[in-house]
Structure formats: C-alpha cells, structure tokens
Amino acid sequence: MAPATPRLIGRDDLLAALDRAAASKVTIISAPAGSGKTSLLRAWADRPGRPRRLAVLQVQRDQHDAHQFWLALLDAVRHASATASRAEPPAATPDFNAPAMVDQVLSELADARGGITLVIDDLHELTSPEALAQLTRLLTNLPPQVHAILTTRHDVRLGLHQLRLAGELAEIRAADLRFSERETRELLDASGIALSAAGAALLHQRTEGWAAGLRLAALSLAGHPDPERFVSEFSGSDRTVAEYLIAEMLERQPPDVQDLLLRTSLLDRVNGELADLLTGRPGSEQILLSLEDANAFVESLDPERTWFRYHHLFADLLRLELRRRLPDQVPTLHRRAAEWFILQGQMVEAIRHTQAAGDWPEAVRLLADHSFSLTLDGQAQTMQALLQAFPPGADHPELALVRAMGDLAQGRLDEAAAHLAVAETYVETAPPGRRHRLQVAVASLKLSLARRRGHLADVLEQVKFLDSPVTGPSDEDIALGSDLRAVALLNLGTAEAWSLGLPDAERHLREGAVLARDIGRPYLEVGCLAQLGFASIFHSAAMPKADSFATTQRCCREAIALAERYGWGAEPVIAPALMTLAGTMVWLGEFDEGERWLRRTERALQTDTGPDIRLLLHQTAGILHAGRGRHHEALEEFGAAEHLASQLEGSQALASQVTGWLLATQARAGRPGEARAALAALEDERASFGEIRNARAVICLADGDPPGALGALHDVLDGTAPVLGYTTVTEAHLLAGLAHRQLGDQRAASQAAERALALAESDRLVLPFAMTGSAGLLEALPRHQSAHAALLADILDVLHGSSPAAEDQSSLLPAEELSPGELRVLRYLPTNLSRREIAAQLSVSVNTIGTHLRSIYAKLHVRDRSSAVQRARELRLLAARRTR
Amino acid sequence: MDPAPAPYMIRINGHLGATVLSAFPALAPQHHGAHTVLTGLLDQSALYGVLAEIEALGLDLLEIQKLTPDRTSPEPGHHRSP
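Quick mapping for you: the protein sequence lines, in order, are chains A and B.
Basically the working numbering = 1-based index in the first sequence + 6.
Basically the working numbering = 1-based index in the second sequence + 7.
Hints may contain errors.
Under 10 Å between C-beta atoms, here's a sample of chain A residues computed to sit facing chain B [claimed, not checked]:
#  : residue
1  : Pro38
2  : Arg159
3  : Val162
4  : Gly219
5  : Arg235
6  : Glu239
7  : Ser243
8  : Leu323
9  : Ala362
10 : Leu393
Example chain A residues on the side facing chain B (calculated, C-beta under 8 Å, incomplete) [claimed, not checked]:
#  : residue
11 : Ser36
12 : Ala39
13 : Leu80
14 : Asp81
15 : Ala218
16 : Arg245
17 : Thr246
18 : Val247
19 : Ala248
20 : His317
21 : Leu326
22 : Glu327
Hints are computed from structural coordinates only; laboratory data are not their basis.
For glycine and all other residues, C-beta sits at the position ideal for the given N, C-alpha and C.
From just these sequences and the hints, can you work out the full model?
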C-alpha cells in the first residue's frame, strides 16, 4: 500500500479543519505552550449543533500513575456515553489490570450510540510509559463512530504509524494554529480594541501569531489609554513575548489581584476558600470569577465554577515571579495549603505541599499514615512517586512501611519482607505516640504477606491486634483503624478459608464485609464476599448440607453482581467467587458453563500471581477435563496444581485432594505404576486422608484388584477416614460399586450406586459419576427401582455428552413456567411408572395426573411423554433445586 | 554516555528577564543581539530538565551546543551584560 501523506490542516478555518480531521480516527494537535490548542478544542466543542458527544479528559500535571489515568479516562467516557447511570462511577481498586481497563474503555466506547469524540488534553503530562503503550492500543483499536483528539506540547511516543499509513491520522501543528494577520485584527475587533492597521500588523509580527501572546496583549490593550504606544513599546523590546506581556498584564491588575495570582500560583487548582486562606483576605472567589470572565488565563473546572486552574504557561511564570518577589513566603504558603488539603482529606495534595514546604518528617508521617488508604484507593503508583520525591537525606524507617506496601502490591514478596523488617526494627524505638499505630500497620502488612505466601500459622499469629482496634483522639485515627481492621478481617478470613474447615472463616469474612460497607470501602466488601463464596463451598461434613452448592452459587453470584456494579467484574478481587462458581458448575456437570466462568477467572487473574488462587485455577481446570474424560489434559492441570500446593504451607486438606485426583487420573490414563510409586512415597498421615484412599482404590481397580480397592475404601465408607467433604464419600461409593461390578456382584454394585445417588441428590452432583467413569454402573441400575430417577437421567445425559449447552437453551422457544404440581409430575416422566403409579406415588387421582400432563405438554410445546422428557432435560427442569 | 557534567550553550530567542532567568539558576545568561545565551555545566538529566523548563515557559529554543574545552565561550566579542 502506498503511504498516504498525513493530512495537513488548512489554516484559515481551523474549526472546519478540525471537522474534516474528525473523519479520520485520530487527530493530534501538537504545538508548544500557549499555541491555543485547548481554546481551539473548546471553540470547536461549544459550537451549536455539535453532532457527536464528547468525552474530555484533562491529563493531570505530571501524571505518573497509569491507574489514575485510565480511571479518569473511563469516567470521562462513561459520562459522555451516558452509561454512567447504570453503574457506579468506576471505582478504584488496589489492583490494576491495564489491558482489562483498556478493554473496558473500548467496550464502553463501542456501546455508545451515535458516535463519540474522545478528547485527551495535555497528553504530554502523561509520563507513564506503560500508560502510553496501552493508549496506543486503544487508539489503534477504536470502534467505528469513535474519533480521538489528542493535544500535546510535544510529540509523544505513541506507535501510530499504522494509522498514519492508513491515512487515519490527522495532525494539526503549531504553524496551523498560528493566527493570521486577518485573524489578529478580528481578535482585536472582538475585544473592542481600536488599533490602527499598522499597529495590528506590528502586533502580529511581534507575537508571530502566537495565540497566548495575542490573548495577553489583548488583555493589556483593553481599556489601555494609548494602544498604539503599547504596541510600539512592546515591539521595540527584546524581551520574550510571554514574560513581557505577563509582566504588563500583572501590573495593570489591582494589587489584591496580583497578590492572589502570585500566592495561589503554586496550586494545581484553586477555589475561593483556598485562595482566601493563602492571601489572608476574603473575596477571592469573586476575583477568580471575574478573571475567567475577562479571559485572563483562568478557567473553571466544574460547571458550578468553584474550582479553577491557571493556564500552565501563565502559572509557571507566576510561580517564578512568586519565588522572586516573596521567597520567604513560599514554604508558609505550601504549609497552609497542606493543612487545608488535610482537612479536606485530599492526602496526595497534602503530602505534595508538605514536601514542597520542606517539612520532610511531617511528610513522612502523613505518607506512612495514609499509605493503607491510598493503596485501597488505587493510588499505589502515585504513592510510589511521592516516595521518590523524598531527598536521600530525608529518608526515614517509616518509609520502609510504604515501600513494603508497594512491593506487596507488585508481588515482590521478598523485598516486602526486607522492608517490613526495617520498619519493624524501627517500631521498637518509635516515640510512644506513634508506636501502637505503627505496630498495627506492620502487623497488618505481615498478615498480608503471610496470606500471600500461604503461611497460615503466621496469619493467625499476626491477627492478635484485631482484639485492640486502633482508637485515637481523632476521626482520622479511627478511620485508619477501620481500614486496617477491614483489611485484616479480609486477610484473616481468607487464610482461614484456605486452611479449610476453620469455622471462623465465614464469620470473619462476614464481619469484614459489614465493616467495609459501613466505612465505604466497596473494594474490601467485594473482597470479603468473594472469599466468602469460596469459603462456603467447604463443609467438611461427611453428609451434604441442604442445598450447599446452591447456597455457594448464590453467594458467588451476589459477590460478582456487587463487583460488576463497581466495574470490577474482571478484577483479581472477584476471582475467588468466579473460580468457585466455575467449580460448582463443574461439580453439577454443567461443563460448558463451568468452562466459561473459568475463562473469566483466568482473565481476572492476569495480574495476580498468588499461588493459592492459581492452585485452585489449575485444580478446577483439572476436574473439568477429568469430567470430560480428557485424562491427559487433566493430568497436566493437576500436576501444576500439586506443584503450587507444595509451595503453600498449611493447606494439607486441599493438597490431599489435588494429590488424590492426580494419582487417580494417572491410573485412569494408563499409568497405574507411576501412580502406585507416588502413592508409596506419601507419608502415612497423608495417605490416610479419604481423598488419597479413593486414589488408592482407583489404582487397585486399574490393576484389576477389586478386593484391594474395597479395602482402601473401607475407612472412607464407614466415616473413620478424614475427608474434605461428602463429595469424597460419594466418590468412594461409586468406586466401591465399580469394584463390586468387577467382582460380578451386581446387587452390591447397584446398592453402592444407589448410595452415591442418595448423597448426590440434594446438590445434584454429577462430577463424581463422570470422573469415576460410572456410566456402565448406572446403566445397569434398574431405572424404575431407583429412587433418584430424574438425577440418574441427568447424570447419564452428561455422561453421554448430551449436556445441553447454555447457548442452545437460549435459542429454544421459551417455555411457560410450570406450576409446582406440574413440576412434581414432570419429574416422574423419565421413570417407567405409569400414570396410575405416578398418581399413587403423589397421592392424587389419575385424572389430576392427566390434567397436569396435558398442561405440561402444552407449556413445553411437545406432544408426548418422551419428547416432554427430552425438552425438560434441555430446560433443566428435572433437577429438583436449581439456582439459575 | 558521559555521566560527567559538561559545558553547554543554549541559545533562546529574545531577552529573558529576571523572572524567567530564575528558572535556570545553574546557567549564566548573556545577551547576544536579540538572543539570550545560557551557559553552564550540565549532566544529561540536568540538560533535559532545562529543556523541559524551556518548553514549559513557552520559550523559543534556537540552538543547543556541547562546548569543547578549547571553546568554552561562544562567539567571543559579542558580550553584552543582561
């Protein structure tokens, strides 16, 4: 393809040029400070009859934080696409998954009807290389009907050459933005300035058509007694345009306005209250409003016009002037600003100004105290930038705490431990007023670290501080205490859930979720609920609790729904719930659905590398393959899971399950020798777990030793062997059935299968039947004798690979909802029972059964009993209890 | 890249006043005709800091030169104090 030349923009009608540029995918406006980039955009956007919606993002000054950048961009897009009403504003989480964030922005853009223009102003302020790389991906994948306009002072490192080659990149540069002589005259006319044609030409020549210069000149010329003299003096001066004109403009302002501009120049944004504080005079808001009205390089940031910012170039010059004129005042001004921001709870600004004031010890204290909250607010990268702003001489052991937190967030566990050790040593010598607070912070971080490492005993040791929550003189202390406490409850409950069977897990997680909701920490609430979903699947009882899988699924779905409300549906925080949901689907034989949830879990775990959750990911993938009879794929997953389990301390029970499945799968995959050798290498204690005994039985069966299998199963079946849950017992009954079958004892085999069905009935488990390869065993059961005919039919469907996929369901004709009475009758249809026999079972008349049957056929759009059964299976109506 | 500071000459269009010059405390200013020439010892990161400052203040950058030891002063004979 021949390279197309980038579109250059005609200079006489910039607005029309921008309109033309909007036909391509991306427009870059690249020109130095004061060239009028933002003004052009404003003028373009404010025209009446603007056809597209605008999503505008102003990049913060010196934005290092990719996470904050993407959150702000997502927020801007949501506002513009008016989807904001159906979800909470994108809320920050400590986890940051850049690719997922880009996907989310892309999908919001694609959902916006009628096209949208994405404006990113001051892109040069974005200094995060990671964010620029992701932005390139966004820009090269913009959906149709979406156009992006970027403004920047200098060309930024975006890889847009493909767009350029395709002619999809329009550029507007400094030369295009320059005012023509005619435009200069128009500007002067519009400002009511009477200047001769020669004067206007001179002004144009001196400013070289530079927008900021002309605007500044216009400010000084408006109401000037002798405009011609002003222009000729300006023209005769060698000083740079901006400096000359800003000095002129300042001098023409009343003293209180000059003072306000100078003193507030060190703020990135200012409001009336803050300006009053820095000037020591009331009435600042009025001054700011009139400066904006006079077009004097002050612009409001909100529709209510309470917050303002100064044009960057203007602010930079004012700051230099402030330092020259009032050098002694500068630290005091920063200090006052910091105090105000502390009162507002805007800690990042507060810390920045404290650092700028040179109050390093105070800045250390603020940063250390707020590092937990900042992390929870998704400001981890900003926090690291603040950390780097400390000069070498101002380093302090408390900063080690902040470093440890950054390490933990990045998964650098060894570095985190080293930094924590530094902080911990310091705590001993810290002043009494700080000691308790620091102890709590250190303990909480050690708890996080122990949890991440799977050191469960350490976790339990570190949580003692939960008994004495931080109480302090201020609300701030209590807020900090609540944050720490909620984080600790999440970590504790999680650790307990992972060490399985610790009954406190659910209590702690529930308490954590309630506290998190009370203190407005939805991230922690979602985290607790997600782990709660995971925790609730473990019920070490040898008998099923009623509906335990259904309860677990409901719990997971609630956590996922809450996460989705905050836009965290694919964040690591919700992964435990996604994973658990996937796992329960697999247990219930809904393999396709389970696979879909598993995929979503993988996406959510892209950035998190905790061995615990990855273990579960492999394990769930393993049972999915095993359920589908894919032994080799299952082996790979179980192998990976076992490897991870060996890195985790303290979750013996979980490890036994993985090992049991691994060995059993080896035997089924035709490698019983390998399995037997691995089994022999296990310690006696582990070999006594029910899951390992089941594996031994599988190996015996593979070796043609059914009596050996029955021997291995004995303690599981009589309830003396420790088991992870009743699923293990169900599996043991099936293995016993298979052993009896090998021995030719069909009656005992059928009895064992019946017991397995009885255990599986309440949750409608399918997986154990699939994993053990029990199709033959079940088919040999006389169906009309089984008390579990409907479940049996479901299981056989899955085993024969006719499990209805979720997509197929949606394409079917919707069935009218059946009444409870009809459902009761429906569940007898797969049996061989006659109408009369069903009537007897249900203690109703044969006529009633007939009425129900006609109604069932009509509602399911079928004509006979067998197609009704078929349709009912597709619609999963035969299951006694389903949560869908 | 040489990590040691080296003498640099930076030429900017127009005469920089005291306010703008305060942004370059490490550099000595001289006026050459209608230009301002800033000279001083800079390492690479200080140099990029100066360039960022020039950009932020909207100055018109004309020339940057790393000075060799035998030519530490640009264009001798045109000196005029600011």
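How the hints compare with the structure:
Among the interface hints, the one on Pro38 of chain A holds; its C-beta lies about 6 Å from the nearest C-beta in chain B, closer than the 10 Å criterion. The beta carbon of Arg159 of chain A comes within 6 Å of a beta carbon in chain B, closer than 10 Å, and the hint placing it at the interface holds. The beta carbon of Val162 of chain A is not positioned within 10 Å of any beta carbon in chain B (closest approach about 13 Å), and the interface hint is therefore violated. About 9 Å separates the beta-carbon of Gly219 of chain A from the nearest beta-carbon of chain B, less than 10 Å, and the hint is met.
Annotation: interface hint on Arg235 of chain A violated; nearest CB of chain B at approximately 20 Å, more than 10 Å. Violation of the interface hint for Glu239 of chain A is found here, the shortest Cβ-Cβ separation to chain B being roughly 14 Å, above the 10 Å cut-off. Against a cut-off of 10 Å between C-beta atoms, the interface hint on Ser243 of chain A holds, since the closest Cβ of chain B lies about 8 Å away. The beta carbon of Leu323 of chain A is positioned within 10 Å of a beta carbon in chain B (closest approach about 6 Å), and the interface hint is therefore held.
Hint status for Ala362 of chain A relative to chain B: violated, with the closest Cβ pair at about 16 Å, above 10 Å. Contact between Leu393 of chain A and chain B, as hinted, is not supported at the beta carbon level, the nearest pair being about 19 Å apart and thus beyond 10 Å. With a least beta-carbon distance of about 12 Å to chain B, the hint placing Ser36 of chain A at the interface is violated under the 8 Å criterion. For Ala39 of chain A, the suggested interface contact is upheld, since its CB lies about 4 Å from the closest CB of chain B, less than 8 Å.
With its C-beta approaching chain B no nearer than about 29 Å, Leu80 of chain A sits outside the 8 Å limit, and its interface hint is violated. Given the 8 Å rule on beta carbons, the hint for Asp81 of chain A is violated: about 27 Å separates it from the nearest Cβ of chain B. Satisfaction of the interface hint for Ala218 of chain A is found here, the shortest Cβ-Cβ separation to chain B being roughly 7 Å, below the 8 Å cut-off. Among the interface hints, the one on Arg245 of chain A holds; its C-beta lies about 5 Å from the nearest C-beta in chain B, closer than the 8 Å criterion.
Hint status for Thr246 of chain A relative to chain B: holds, with the closest Cβ pair at about 4 Å, below 8 Å. Look at Val247 of chain A: its Cβ gets to within about 7 Å of chain B, closer than 8 Å, so that hint holds up. Interface restraint check for Ala248 of chain A: the shortest CB-CB distance to chain B comes to about 5 Å, inside 8 Å, so the restraint holds. A least Cβ separation of about 10 Å between His317 of chain A and chain B goes past the 8 Å threshold, and the interface hint is therefore violated.
Proximity of Leu326 of chain A to chain B holds as hinted, the smallest CB-CB distance being about 5 Å (cut-off 8 Å). The closest approach between the C-beta of Glu327 of chain A and any C-beta of chain B is roughly 5 Å, which is under the 8 Å cut-off, so the hint is satisfied.
Checked against the numbered hints listed earlier, the structure breaks hints 3, 5, 6, 9, 10, 11, 13, 14 and 20; every other hint is satisfied.
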